[in-house]
Each structure stands twice: as structure tokens, then as C-alpha cells.
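Those protein sequence lines, which keep their order, are chains D and W.
Numbered continuously in my numbering, the first sequence closes out at residue 950.
Numbered continuously in my numbering, the second sequence closes out at residue 83.
Hints listed in this document are in silico derivations from the structure and should not be mistaken for laboratory results.
Note that CB positions come from ideal geometry on N, CA and C, so glycine has one too.
The reader is advised that the hints may include incorrect statements.
As the list claims (entries may be wrong) - Computed, partial: chain W to chain D, Cβ under 7 angstroms:
(1) Gly11
(2) Phe15
(3) Val26
(4) Ile36
(5) Gly37
(6) Asn45
(7) Ile59
Unchecked claim - Mimicking BS3-like on lysine-lysine, the simulated pairs with C-alpha atoms at most 30 angstroms apart in a straight line are:
(8) D:Lys424 x W:Lys75
(9) W:Lys13 x D:Lys941
(10) D:Lys669 x D:Lys684
(11) D:Lys876 x W:Lys9
(12) W:Lys32 x D:Lys684
(13) D:Lys517 x D:Lys684
(14) D:Lys875 x W:Lys13
(15) W:Lys75 x D:Lys875
(16) D:Lys560 x D:Lys655
(17) W:Lys9 x D:Lys875
(18) W:Lys13 x W:Lys75
(19) D:Lys941 x W:Lys9
(20) D:Lys876 x W:Lys2
(21) D:Lys653 x D:Lys565
(22) W:Lys32 x D:Lys693
(23) W:Lys13 x D:Lys876
(24) D:Lys669 x W:Lys32
(25) W:Lys13 x D:Lys693
(26) D:Lys911 x W:Lys32
(27) D:Lys674 x W:Lys32
(28) D:Lys875 x W:Lys2
(29) D:Lys941 x W:Lys2
(30) W:Lys2 x D:Lys424
(31) W:Lys9 x D:Lys424
(32) D:Lys653 x W:Lys32
(33) W:Lys13 x D:Lys424
(34) W:Lys9 x D:Lys880
(35) D:Lys560 x W:Lys32
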Amino acid sequence: MIYEVSIGAIIIFIGFVALVLGLSFYFARKTKTANSYYAAGGTIHWGVNGIAFAGDYLSAASFLGICGMIAYAGYDGFLYSIGYLAGWVVALFVVAEPLKRMGKFTFTDALDSKFNSKGIKLTAAISTLIVSLFYLIPQMVGAGDLVVPLLGLPHWVGVVIVGSIVILIVATAGMTSTTYVQFLKGGLLIITTVVLTVLILNKGLEKSPYDGYHQFNSIEASFDAESGKLVLNDPTQGEVIYVTEGAAGKERFAKMLYNDYERWFRLVEKDGSIILEESLSVTDAAGGEKLYNGAEKEARQFYQVGHMYRIVSEGQEVESTGSLNPFNFLTKLEDSDIIIYTKAKIVDGKDNVTVYYPKLVPGKNIMKPGMIFKLANGTGWDKLNFISLMLALFLGTSALPHVLIRYYTVPSQRAARKSTIVAIAAIGFFYIMTLYLGLGAMINGVNDVASSNMSGPLLAKSFGVGIFSLISAIAFATVLGTVSGLIVASSGAIAHDFIDNYLNKQMSDKVKVRAGKIAAFAVGLVAILLGILFKGMNVSFLVGLAFAVAASANLPAIIMIIFWKKTTSKGVSSSIITGILSSIILILLSPSMYERYGMLKTDAVWPLDNPGIVSIPLAFIVLVVVSLLTKKKETVETVN
Amino acid sequence: MLHGPSAELKEDKAADRKAKLGLKFFFVYLFIYAFFVFLCVYKPELIGERVFLGLNLAVVYGFFLIILAIIMGFFYNLFCTRLENKLNEGGGEV
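One chain only, chain D, in its complex shape (with noise of 0.2 angstroms):
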């Protein structure tokens, strides 16, 4: 998809990063210790911290990854709003303060807190360092289709630019200015939705969506009856060139010469005729080049959809609603019928093509679980796998290395309390107003069906371009902000826990700073790496997999060392191992990672995506098992 630079956007754009990056500097003047470069000296407002806990979490998953499967996969899409918010019940009602009592800077810190072990120092490094760059991964892929429609840049060009600023912005002040970004960003994130939210409400539900949507056109064909080719009953309107074979439950497509180009139609038969519905195309071709709608990206061929089809309103069809309150927006959604585009693969020659076809889904089809997850139908294996996904979501929040050092950064337990429910309140009310952003993008013709991440910012566009600007420019410093966050946490890993405590180097305060702010530029330079080699990939579901592994690694350790007094060191280190290694095969054996990989879905090892519902129990097991074990020698150990 090609998008029309704003000049208004990129001076928004660039006077926030200016604004972030100011920040930065001013806090940095203010880091000196080790202590106010991990942990923002513990002196942050609860108020602050809760806020700064939403930007933090508010993350690209959220904002343009939910956005985005709730506009190609309606409720679905919601499923990944309400899970990661009920994993902030376990942060709040079990971790938030026993981690508080016992940590010092890091996460590591906190589970080795009643040990001193060298293992658990080693393996908790780890595991933050892994869970951090699994959660690293979506944030720069986010930050990459995000500078595509607003810079008109590359995608990896604005991988590197993130990295790039973010390195700056941690390697001059750590985690003091990293949670004024964040509170900043939260606040303002939460503000431009809901201007998003009542400007949508405020449209209501329109057949046409804006001047200029693209219609789309249906022609009717016949096979001839000498030669069994496919023509068109009206030759003038194109030529076809073939059509792809059937099978039983696969669309058949048409390759059309079409206004000049190469173009796919999806073949429908009905009441025994065919018509040719048109539809959108990606193809890879062979030498290398990408063509949309069989032209190149700057002949604007390509264009963005989802629309409604029918509106029902009181029992009668309408053209269009005018205003709606929240929930007659959603009852009259269910009760009407919408256009939204569904892809398939098609090997044409030595290309590689995606069609985008029309599809016709019933309001309340869309309005409830199942197109994404295939409750109703599905196999034992499609249920467990949704199952999965909702267990890591709910555990994961807890343990996120990112969102645990935030308890450090409040100067006591009931701050760190009180800073959770505030973090709980706003991440709460945005995510309500998620659901309202991805189905405004479903119908108002805004989705571009090359990048599912894109939904919320082109929603803004359709509104004007002064809220576009805004809210991308929010959107990029939220990727700014997390990831901030993200590489904080992973300096911590290296320089506090592996170098300082796991090696215990001796190292001046001011050392340690320094080893923590390379670290910092070793870790962005990864982070750069992975955001373009994973391009392409819808964000939330990548979160969810970090998630997963999180869930796997950490939570079993923190959960039992806080309630479970049989609990060694040995077990924790074990069970962190454990949780890494399950959780992370699983993910590479499973369907979206073999579709990764060029081969079919159906081949993968593993049949599930979400490792969760294995790699967690199996966690637990092993901390309990090893700990069993090593319960007596551990405890000659320390008499000795």
C-alpha cells in the first residue's frame, strides 16, 4: 500500500520525538547511581507509576495489533483485550508487593532474594533477557508499519530509526526518564482514543464510507461451451487468462486482464451463473519485485476496504444510522451484515500471489468468538489452542520482566498497590474503547489488508489528518516508550545480574552504569535485527507468544517462592530452564511458525500456537519435583 505523506504528521511526528528525547536528556543530568538508573531512585509517584505502568503495557500490541485483528477478525481480536487485562488480577492480588519486599532493581533480584544462588542469578538473567527480546520483536515490527503511512519510509527504515532513538534515549538515563515517556505517552494515548471512540460513535454505521471508496466490481462470465474457457459476457470490461483449479472448500480465482493489469477475481457461482468478483493482490514475483493489484506500489492500485454491506436499524435497512450511543453502535453492528477481505495463496507460475477476496459476514458472526478461533467447529486440538492462549495471557502480565521493575521504581508496597490499580483503571477503559476503534476500522473502509498492524492510525486518517498525526505520532512514541522499557530490563539482566552479581565483577557505581547503558545499545541492536526479520506478523499475536514464554519461565518460580516454603534454588533455576526451553520449541514447532517458514500450517510438529497450556504446568512440575529433591541437601548446605 502506497499513503500520502503529511507534512502535518511529520512536524507532530517529529516535535514529540524531540519532546521524548528532551525529556531524556533532562532526566539524564539526574542519573548518577545505579539505583536511579534501574529504579528511578524509588521515589516516583504512585499516581506516575500507574500511569507510566499503562504506557508500558499499552504497547503496540495493543494499540495497533488488537486494533487490528478486531478489524479482520471482529471479536477475536477483543479475546487478546480481555486477557491481558485479567493478567493484571494476578499482578495485583499476588505479585505486586511480596515482589516489591524482596527486590532490589531487577526481577532476578526478587527471586533470589532468599537464596543468594548463582544458578538462579544465571538463569533469571536469562529469561528476563529472552521474555524482554520475545516482547522486543512486536514493538519494532509495530514501530516499522507505523513509519510506512506516516513518513512514507520503508519498513525496516523506521525498525532502525526506533532503535536507534530509543538506544539514545536508555543509554542517556534510564529508567527515570523511561517512566516520564511512558506516563506521558499513557496519558496521552487514553486521551486521543477517546476522541477516536466519539468520533467513530458520533458517524455511526454508513454504507459508504467516505467520497472516493473504492467500488469494487462484479462482473458475470460463462465457460464457453466449445473451447470450456471462462469469457466474459461483456468482453470490453477485460480478458481472463486463467483460472485456478478447484477443490472441494478452496475458492477458485480468475487472472484477468483488467484496466491495463493483471488482476485476480475471486469466482463465485450462484443460481447457475458465475460472476467475478475483484478482488486485491499481492505478488511476489519471482526476480524479486512486489507488485499490489499487479502494478507497482506507486501507480496507487492497491486500496484499503471493509465496509458494511446491509444496515439494519429498528427492523428496517437503512443507508446509514447518524450518531450512535456505545451500545446501540454494537447491537446495530450485530443485526447488519459487513464486507471484510479474507486472503488465500496462489502459486502463479514461478510468483507467489496473496488474493484478498470479499467475503460476506453476518454482524453477528462477528460480534461473537470464531473467526479466528474455531470454538464452534473446530477439532480438540483448536479449542486446547484457545485455551492456551487465554492461560498465557492471564499469567503472563505477572511476569513480564518489564511491567515487574516498574514495582521498584515506588517508594513503598502500598504505593506500588495503589500504582497497580491505576495502571488497571486506564489499561481497563482503553481497552473498552479498543473494541469500538477495530470495528469503526472494519466498516469505515480504512484497513489495508497488507499490514492487519495499521488499522488504528488509517482509522485516525479517515477522521483528518490533524488526529492521524497525533495519534501516530502517540503510537510511535508508545513503541518508543516500551521498548525503552524492554531494553532497560535487559541491560538490568546483563550488567546488574550477569556481570555484577552472577561474574561479581567489582564495579564502581559508575561502571555499572556504564556496563548497563552498553548493554542497552548491544540489546537495541538485536531488537533492530529481529523487527525486520519478523515484518509482516500481526503484533498481538507475537505478544501473545512472549507472553506465553513469560508465563513459562518466570511465573512458576515467582509464584512459588512467594507461597510455597519447600521451595530451593535449584528448583527455581530449573524450572526457569524448563519454562525457556518448553515454551520456545514449542513456538518453532508450531503452525504459524511453519507457515513462517514457507512450509504449509498443516505440516507443523506441534498443532497448537500457543505453547501455554504445556510449557506452564510443565514449569510447575519441575519446581516442585527438583525442589522435592534438592529440599535436604540444600538445607546441609546452608547449616554448613
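We have chain D; now place chain W onto it with these hints.
For chain W alone, coordinates are given in the frame of chain D:
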């Protein structure tokens, strides 16, 4: 390296009771969340039924889970603060 809190914390005599309270709140929410997942998986036809103000059960339950987390959080903080004020010397913040 010595391990300890990033900020100096006083002894919290309410810690055990707060932990028990937190667990109770957690299990209540877990049960309600698990029931939602159960409905989605095993009663998909029920989750699409309209139940409140024209909204279906999926939407109502989803919003309810989000709002419930906020409400339970407020009450948890209220009870914890009372326990801290009652059990800790000087009723101070810990």
C-alpha cells in the same frame, strides 16, 4: 551484592493477611474468568445470545471482566489500607 528493596521499607505486620486476602480475590476472579473461557469453548451458541440492552453475552461478559478487575482492585486496596492502618505501628505506609 546484598539484596534488598530499592527503597527502605518498614516491617509490614499486615503482609500475611494481605497476601491471604489477595489470594481470595485472585481465586474469585480466576473462577469468573475460567467460566468465560469455558462458555467460549463449550457453549459457543450461548455466548452469542442477547442478554442485556441488546448486547450479546460475549460482549457483556467481556466488558464485565474488565470492569470487575477495576472494582475488585479498588476494594482490595481499601481492605489492604485498613489492615495496614490497623496492624502497623503508627498506621503508617509501608
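So, going through the hints one by one against the coordinates:
1. A hinted interface residue such as W:Gly11 counts as satisfied when its beta carbon comes closer than 7 angstroms to some beta carbon of chain D; here the least separation is about 4 angstroms, so the hint holds.
2. For W:Phe15, the interface hint holds, since its Cβ comes within 7 angstroms of a Cβ in chain D; the closest pair sits about 4 angstroms apart.
3. For the restraint placing W:Val26 at the interface with chain D, the shortest Cβ-Cβ distance is roughly 5 angstroms, inside the 7 angstroms limit, so the hint holds.
4. Among the interface hints, the one on W:Ile36 holds; its C-beta lies about 6 angstroms from the nearest C-beta in chain D, closer than the 7 angstroms criterion.
5. Interface hint at W:Gly37: satisfied, since its Cβ lies 4 angstroms from the closest Cβ of chain D, which is below the 7 angstroms cut-off.
6. At a threshold of 7 angstroms, the smallest CB-CB gap from W:Asn45 to chain D is about 6 angstroms, leaving the interface hint in force.
7. Evaluation of the W:Ile59 hint against chain D yields a held restraint, the C-beta minimum of about 5 angstroms falling below 7 angstroms.
8. Of the pairs offered as hints, the one joining D:Lys424 and W:Lys75 holds, with about 28 angstroms between alpha carbons and a cut-off of 30 angstroms not exceeded.
9. Taken as a hint, the W:Lys13 and D:Lys941 pair is honoured in the structure, with Cα atoms around 29 angstroms apart against an allowance of 30 angstroms.
10. Restraint check: the Cα-Cα separation between D:Lys669 and D:Lys684 comes to about 17 angstroms, which is no more than 30 angstroms; the hinted pair holds.
11. Of the supplied pair hints, the one linking D:Lys876 and W:Lys9 holds, its CA atoms being roughly 19 angstroms apart against a limit of 30 angstroms.
12. For the hint linking W:Lys32 to D:Lys684, the alpha-carbon distance of about 13 angstroms falls within 30 angstroms, and the restraint holds.
13. Taking the CA atoms of D:Lys517 and D:Lys684, the gap is about 29 angstroms. The hint holds against a cut of 30 angstroms.
14. For the hint linking D:Lys875 to W:Lys13, the alpha-carbon distance of about 19 angstroms falls within 30 angstroms, and the restraint holds.
15. Only pairs whose Cα atoms come within 30 angstroms are accepted, and W:Lys75 paired with D:Lys875 is accepted, the gap being roughly 27 angstroms.
16. Distance check on the hinted pair: D:Lys560 and D:Lys655 sit about 11 angstroms apart at the alpha-carbon level, within 30 angstroms; holds.
17. Annotation: proposed proximity of W:Lys9 to D:Lys875 holds, straight-line Cα distance about 15 angstroms (limit 30 angstroms).
18. For the given pair, W:Lys13 sits about 20 angstroms from W:Lys75 by alpha-carbon distance, which is consistent with the 30 angstroms threshold.
19. For the given pair, D:Lys941 sits about 25 angstroms from W:Lys9 by alpha-carbon distance, which is consistent with the 30 angstroms threshold.
20. Between D:Lys876 and W:Lys2 the CA atoms are separated by roughly 23 angstroms; this keeps the pair inside 30 angstroms, and the hint holds.
21. For the suggested pair D:Lys653 and D:Lys565, the alpha carbons sit about 15 angstroms apart, so the restraint of at most 30 angstroms is met.
22. Between W:Lys32 and D:Lys693 the CA atoms are separated by roughly 12 angstroms; this keeps the pair inside 30 angstroms, and the hint holds.
23. Taken as a hint, the W:Lys13 and D:Lys876 pair is honoured in the structure, with Cα atoms around 22 angstroms apart against an allowance of 30 angstroms.
24. As the CA atoms of D:Lys669 and W:Lys32 are separated by approximately 26 angstroms, the hinted pair is consistent with the 30 angstroms bound.
25. Our distance criterion of 30 angstroms between C-alpha atoms is met by W:Lys13 and D:Lys693, whose separation comes to about 28 angstroms.
26. Restraint check: the Cα-Cα separation between D:Lys911 and W:Lys32 comes to about 27 angstroms, which is no more than 30 angstroms; the hinted pair holds.
27. At roughly 16 angstroms between alpha-carbon atoms, D:Lys674 and W:Lys32 fall within 30 angstroms of each other, so this suggested pair holds.
28. For the hint pairing D:Lys875 with W:Lys2, the CA-to-CA distance comes to about 19 angstroms; that is within 30 angstroms, so the pair holds.
29. In summary, the hint linking D:Lys941 to W:Lys2 is supported, as the alpha carbons are separated by about 28 angstroms, within the 30 angstroms threshold.
30. Proposed proximity of W:Lys2 and D:Lys424 is supported: the alpha carbons are some 19 angstroms apart, at most 30 angstroms.
31. Of the supplied pair hints, the one linking W:Lys9 and D:Lys424 holds, its CA atoms being roughly 21 angstroms apart against a limit of 30 angstroms.
32. Distance restraint check for D:Lys653 and W:Lys32: the Cα-Cα separation of roughly 28 angstroms lies within the 30 angstroms cut-off, and the hinted pair is therefore satisfied.
33. Distance check on the hinted pair: W:Lys13 and D:Lys424 sit about 25 angstroms apart at the alpha-carbon level, within 30 angstroms; holds.
34. Restraint check for W:Lys9 and D:Lys880: the C-alpha separation of about 27 angstroms stays at or below 30 angstroms, so the hint holds.
35. With a CA separation close to 29 angstroms, the supplied pair D:Lys560 and W:Lys32 stays within the 30 angstroms bound.
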